[in-house]
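Novice: For the record, the sequence lines run as chains A and B. With the first letter of the first sequence counted as 1, position 33 gets the number 33 in my numbering; the numbers rise by one all the way through. If you want my numbering, it's the 1-based position in the second sequence plus 1000.
Calculated directly from the structure, the hints in this document are not laboratory data. If you're wondering where the values come from, they're calculated on a predicted model, not measured in any experiment. Any given hint could turn out to be false.
Claimed, not checked - In silico EDC-like links for lysine to aspartate or glutamate, alpha-carbon gap of 16 Å or less:
| # | chain 1 | residue 1 | chain 2 | residue 2 |
| --- | --- | --- | --- | --- |
| 1 | A | 286 | B | 1281 |
| 2 | B | 1586 | A | 317 |
| 3 | A | 319 | B | 1574 |
| 4 | B | 1580 | A | 310 |
| 5 | B | 1569 | A | 45 |
| 6 | B | 1333 | B | 1409 |
| 7 | B | 1584 | A | 171 |
| 8 | B | 1589 | A | 382 |
| 9 | B | 1578 | A | 318 |
| 10 | B | 1590 | A | 382 |
| 11 | B | 1586 | A | 310 |
| 12 | B | 1586 | A | 382 |
| 13 | B | 1580 | A | 320 |
| 14 | B | 1578 | A | 171 |
| 15 | B | 1518 | A | 226 |
| 16 | B | 1580 | A | 318 |
| 17 | B | 1569 | A | 382 |
| 18 | A | 319 | B | 1281 |
| 19 | B | 1580 | A | 317 |
| 20 | B | 1569 | A | 24 |
| 21 | B | 1580 | A | 171 |
| 22 | A | 292 | B | 1457 |
| 23 | B | 1584 | A | 249 |
| 24 | B | 1569 | A | 312 |
| 25 | B | 1569 | A | 310 |
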Amino acid sequence: MSGAAPLSFYIHIPYCVKRCGYCDFNTYTPSELKDGGTLAEVSGDYIDLLLKEVEQAAREVPHALPVPTIFFGGGTPTLMEPADLGRVLNAIESSFGFAPDIEITIEANPDTVTLEKLQALRQIGINRISFGMQSAVPHVLHVLDRTHNPENVAKATNWAREAGFEHVSVDLIYGIPGESIADWQKSIDTALSLPIDHISAYALIVETGTKLANQVKRGEIVMPDDDETADKYLLADSAFRSAGFEWYELSNWARTGGQCRHNVAYWLGANWWGLGPGAHSHIDGKRWWNVKHPTAYRDRMIVGESPAQDSETLSAEEKESERIMLAIRMPAGIPLATLDSPAHDRLLPYVTSGALDESAWQAGSVVLTASGRLIADRIVREILL
Amino acid sequence: MPAIPLAKAPQPSATDPAQIRNFCIIAHIDHGKSTLADRMLGITEVVEQRNMRAQYLDRMDIERERGITIKSQAVRLPWRSGIDGKEYILNMIDTPGHVDFTYEVSRSLAACEGAILLVDCAQGIEAQTLANLYLAMENNLTIIPVLNKIDLPAAQPEKFAEELAKLIGCKPEDCLRVSGKTGDGVVELLDQIVELIPAPVGDANAPARALIFDSVYDTYRGVVTYVRVVDGHLSTRDQIQMFSTGVRHEMLEVGVISPEPVVSKGLGVGEVGYVITGVKDVRQSRVGDTITTYNHPAQTALAGYKDPKPMVFSGLFPLDGADYPLLREALDKLQLNDAALVFEPESSAALGFGFRCGFLGLLHMEIVRERLEREAGLSLISTAPSVVYRVFRDDGKEMIVTNPSEFPDGKIARVDEPIVRATVLAPAEFIGTIMELCQERRGTLLGMDYLSEDRVEIRYTLPLAEIVFDFFDQLKSRTKGYASLDYEPIGEAEGDLVKVDILLQGEHVDAFSAIVHKDKAYAYGVMMTSKLRELIPRQQFEVPIQAAIGSRIIARESIRAIRKDVLAKCYGGDISRKRKLLEKQKEGKKRMKMVGRVEVPQEAFIAALTTDADADKAKKAK
């Protein structure tokens, strides 16, 4: 791989104190990994393994340009000692160099941070933090299996500002069973009252194999009607916009300069290396993903093998599919000139129905309106199938 | 031992008619005909014990699985009577047991002098058996009443002996009691066949006349034609001629089935066997036709020949449009063995290219479909079955309509539909329920008789269309499975009929059009529109679903426009996953049928064309 382009890094921390009912991420509680194990026991040498993978990356992509963005995700990255996360950052910096305006993000649970911890994270160079707020309404949080006290989010975001984070974000989830429109309005209002410059808001996805999926399957929990969830999206979009947050991706809104550049790199098809079990990487049209289980990952790293489980090299057609499916989610949209004329014809009814922005269409771009964003996948199929 | 080794038995072509007994077994499905036949093969030793298998004579998988006989066959059984000690040849002619094949049954009966009326003495006689019994009596056959399954704990031989005695006018004690399973009474039955059934009578010196009572296509031999010689003699190397077509054939082989084919020099008066002429299509050798010799032709044919007439029509479409040529090939092949099956190409805006097929009845339709799916590996959609309508237009023109989509839109003076005479046998407690069902289905009561204290025979005339539309399933479910049904076409009658069309976004969906009675049009419209509203996924725009008679809308539903069709998250690892999902959806989109601008998944068509009873059956089959 030449990879003669800026190389971003994703760093996966596969540990959580407990698993939430809706979550299907690649994360494990200490006792899942070792009967009766503590976090220290199961994650003891994890940072060393990540450092080995950084060495592999340095060998594989020798020509990479300085790193523009880094993202610590999980799991719960804040479970790790800031100093340990710092070791990973140092290793990346010494192998690849940092771009002068590097963005380094960490995901955090508002319940488990303190001012001191946040200061320590800031100290090692992390300058953006994203809190898993999900909802401001206790009974809704309960359905998600989240235990935090809604007030903790206000405390945590203020501390983050106090600690000197340049960018602070919260994640919200809507379309949760039992959540009324008023509940969602309350979550929106609460989020907008925080000292933040970025909001992600996701409609709840029932992922197969989760506790939530089983509850829905057994009929214990009834998912809300799609139309109501659509209403909630529109409600959020208009509230965020009035508060100065513009959409820059289907589920992401930011004040000017508050966009998450790491995520934008994913959507623009940039190069990135994912460190850790289950992490995905993309370099120059090749995608690969690491073995999923932390133990399998450790086994590979200890003997110095590549942790990659499998890979794919994208064909021209696959690259085009990805371009369409990612670009449509952003306000710049897709240049009409890049689509053939049958696709134009298939899209025209969506201009008429108000799903595609008419003035953008006249100006030569396929750009979704708020209601169009809600049927983005259908429009992608319309273009590609 | 009363059995005679084959080599020592009277030989085909040289058997004195006085030594021959030709008989068939009339029985309902499940009443043990195949088991009794197996037992006869064993006792007469034409099949060795080690070669015996259950339902020996049923050849097709479907026959064996469903326990029904679709095609008949004739077996030559040598037997030394325990009464007079003389040698006889018993020809057992197996008959199909279903109402759809009444004509074939009648030809099998015409080849016999006697019939065993076989009744399960735990269940009593069923409607179809009764119908076939009447047919046998009309043919002046000698009836031997036999109660089967006397070994069952639930057997009630006394009760059903009364019933049989009443029906055929004998004494209850004349009913033989057998168990095909244990073999009890079967030797006595064989002796009684010799005693009671008359020997065939014919003129050995007259020009040859043989009745074709079955015709089967064999991949290796071509068509194998089963015949009963009435007059004269058929010999190998004779040139034969079919009466109905006048076509001449070389006779390549003559033989008897015992129960494997045994080649013989010929067949004489009263004998039953097979001939092979090298024809490749059963339509050239039709059931009911008369065979004579070309050099000394007979002047008159044997009576009773009819062309098979399809009564029920349905469109068959391949699920995958690319399978159309395969479907044609499979139908062509099936037709070699099924003179009653007719088909012609049909194209449906909704379902693509397929064939409009005509069947003798619902069972025939089901069997054909099952064979196409099983033997040709096809997946098919079939449209709702339709009967044959005769439409008279205002301008005096008359047209035959077998497909609702061809029903004329203009002014119509009159529509005639086929009418059947239906016979239902059931326990007396269900009289009310059955009459209610028949009234709902536009029936007219003809009469009712008690077969015994608690069993009745109810006779109705009904439009065939009502029977075709889930009548039998309703009858079974409303009578807890106790009622049995038989029907025969008796002509046509004017009906107050209309065509109901279904429109999606203003576009006709031809596959869902139906011809229904005026009083039921609204119910049909409401049923179809609400079913489709559930089945069709939401689209980009609101989709009205309407049911209409001509331009008049009688029912309306609508599918709301879709508002949410997006996955909220798309980060690093989601990208591959999402792209692969998209590739899968591409496949799904191929299976979508477009009705105007509306995308309808194939599953919705299948589900909408399936009656609830069908769906239940499919569930049970799984």
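Novice: Check each numbered hint from earlier against the structure, then list the numbers of those it violates in ascending order.
Specialist: 1, 5, 6, 7, 11, 14, 15, 17, 18, 21, 22, 23, 24 and 25
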